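Chemist: The lines below spell out each chain.
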Amino acid sequence: MTATAPPAVIDEDGLGVLVATLVAQGRTVVGPTVRDGAIVLAELTSSAALPYGWGVDLDAGRYRLVRREDRAVFAHSAGPQSWKSWLHPARERLWSADRTPEGDVTFTAAEPEAPAYAFLGVRPCDLRAIAIQDWVLTGGRHPDTGYGRRRRRALLIAAECTEPGATCFCVSTGGGPAADPGYDLALTEIVDDDGHRFLVRAGSEEGARLLDALPHRRADFVTEASARGAVDAARDRMGRALPPVDLRTLLGGSLAADRWDDVADRCLTCGNCTMVCPTCFCVTTEEVTDLTGDHTERWQRWDSCFDLDFSHLHEGPVRASPRARYRQWLTHKLSTWHDQFDSSGCVGCGRCVAWCPAGIDLTEEVAALHAESGTETRR
Amino acid sequence: MSGLPVPHLVTDRRVETADTVTLRLEPVGAALAEFTPGQFAMVHSFGRGEIPLSVSSVQSTGGLAHTVRAVGAVSAGLCAARVGDVLGVHGPYGTGWELERARGRDVLVVAGGIGLAPLRPLVLEALADPGGYGRISVLVGARTPGDLIARDDLARWRTAYTAVTVDRPDAHWDGDVGVVTRLLDRAPFAPERTWAFVCGPEPMIRATARDLARLGVPPHRVRVSLERNMRCATGHCGHCQLGPLLICRDGPVVGWDRAEPLLSVREL
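Here the protein sequences line up with chains A and B, keeping their order.
Start counting the first sequence at 1; every next residue gets the next number (UniProt numbering).
Start counting the second sequence at 1; every next residue gets the next number (UniProt numbering).
Calculated from the structure, these hints are not laboratory results.
There is no bait here: all hints are sound.
Label pairs and their computed distance ranges (CB to CB):
(1) B/E100 with A/D232: 54 to 62 Å
(2) A/R64 with B/G29: 52 to 60 Å
(3) B/A190 with A/T249: 35 to 43 Å
(4) B/R210 with A/R64: 52 to 60 Å
(5) B/G29 with A/G37: 48 to 56 Å
(6) B/R210 with A/E113: 48 to 56 Å
(7) B/E267 with A/T106: 38 to 46 Å
(8) A/G139 with B/P188: 43 to 51 Å
As the structure is a prediction and not an experimental result, all values here were calculated from the model.
We treat Cβ as the ideally placed atom computed from N, Cα and C, and that holds for glycine.
If we strip away everything but chain B, and leave its shape as in the complex, we get:
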């Protein structure tokens, strides 16, 4: 096994939701190699362990940041980190979104819940290159209004179209209600000249990718980010297998042409 963590200082901690924070990190000494949007790091909480976390900001779009939701011991430890704490980080690992392949085409971003985090640097990169891409649309779904992350970004991004929907509205919600795929009809994109980037819970990825395929976006141009148990990030622990793929090595971002036959087998 390789990958000795590199100490990183928490320089900013932003509360996203009741159980989710974004931590901005700066290396204490030598920096890691540059991450690209969609890639992930292993982030270590002292005494608790380490987990894979996608980058929600990369060096070129405002410095390294991770958005983490408290679902287990390590992620709870990371969520509790304070400014000035030191965390261990190693990476970059895995495949990125490879936004450059969408150059000149419409860009459609579809996110479910915290799945917006790994898509955030992609949107920033696309917006930083006016004229580089066609229309840029961002569609976001969340369980409740309280589960929405990066709200400021959603209000600030000057995309062709941004829309948010929730499964369960509260008394203050006056926006869309329902699954994120319902937003596809209104988004301005031409399927035959679109690259779609999708991240969220697996059922949401499946539903979105199938609808996009039906609309005529070629499966290889629907890029999805997959999740499996990762213990090592270096292809040696075996935990993240999905059929022929080692998600830490061959993913997390793969084309729907590869993911579809695998995700349609129960318990693969």
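Pulled out of the complex, with its shape left as it was, chain A reads as follows:
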């Protein structure tokens, strides 16, 4: 079988063999599982840990697990984490330096062996988020070597979206519930009268080899049509939408809008939206020394543009007000990201809406800015 081979079908047992095969290959398998009242991403040792029969009930500032009537595994919206937790970890050592009694200094790059990840259940919005981070972190003049190493070895198994949540708006960001190229395997889960099964397409040679190792059958017409139908239906069931305008221009032209004062009154500048966002990449660095004072390490950790220190210069922060910090985040995401990295920084996963403790809704804020700007709907 090759990457252009026809779609296949696996059942629950096949999913179990998939996880077992990846584990047997020595891969670190990461996928969804139920923990602490949420569907989180964690290392899986078998498919038994997948969230069979769990769904989620979402809204702005609200996230609840709910029992489903079926045994669907991937019928839940994006949880609090994204794959950046593994590809672009929250804390990472960059390099260390040692000083001899004579004063000679040597610098040593931290080059940890990259785990061979297999990400199981990557939603199409997150597949796009990974592609965006790829470009941000490895597409420029100075590629992030740690990210690049982890990313090159990671196998991506997408799960197409058939169950968007109330905070989802991927379609209005130019995406959709179907998986774009970039995956090694794409699964589409189907639960109907014919049973619980997954349509599987290979997107790479490695994915094709993996599929070959699973108990599978060639996709039948009914299963294919059912899978396509479920994904098409999901496209029309997005919980939210961004206004159909050129967002880059709208945000770029709204720097003086009154709406920023309104949202600043509600924003706690806690940075939750940046932590859960699958494309937010900002980091800071810190120096850590040992007790001898002759060994020092440089560490990188996630940072947030909502932090007052983020824009600190010697005379104080550039963006001191919550208004300026919220404006920075939203205009970066939807407008200046285009200038910097040739794409939007938003994939419409809805995490920032669900995990904002104040229930601030990005789509609502953009709609308000659009209304204030008085521009025509263009698209």
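Got chain A; can you put chain B on it based on the hints?
Modeler: Leaving out everything else, chain B in the frame of chain A:
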């Protein structure tokens, strides 16, 4: 993240002001790629961390040097470095002044305080090429006479015009008093055939660039060097954003045509 520091030996330490020194550096082993005037390096003080520092001298104009003012833990550590100490340096990063674009034109350099440091190699490069440029003028402003750096250079440079002004004179000062923009009237340059290079505190950059625009220097020929918080220098930490720009990648030197609309938005 990339950019492993390369050990550099401090070969000379020159005290510029009460809180500012210039450190001359030589690589202990393999050298970094050549810096061009206006670019910057990340310079590491052992156990304290690293900060971005413009080059105040480049390899081709007398070897690598940085001028650093003690304003925080890392810069204070660097200021305290002694000859023979080893510092970590990586770079070059960012855009340079691109002096060559001014070939055949008048060159106007306007500096505020320590902003003269990144302009110093540009002046040296221009002066090393007699006939390459039109008239070369250097205008410098400082808060007090004690805050002036590169005094020897200012006395030695054989430019068409060099002038210094201070905000607050002391008992010994008999020179100009006031903001640096007041010196523009006396400097010999023809606005329509001038390239201006400006570095200093943001209000000073704004005032200078606006006056130059009023005098008729086209905004894209006013090159300004901007400052934002930089943690990585490689475009990955996000700290140095100024609207669409990542200053470490798209700057620090940009044309006033790009900088003006951004610097006119409060808290951008």
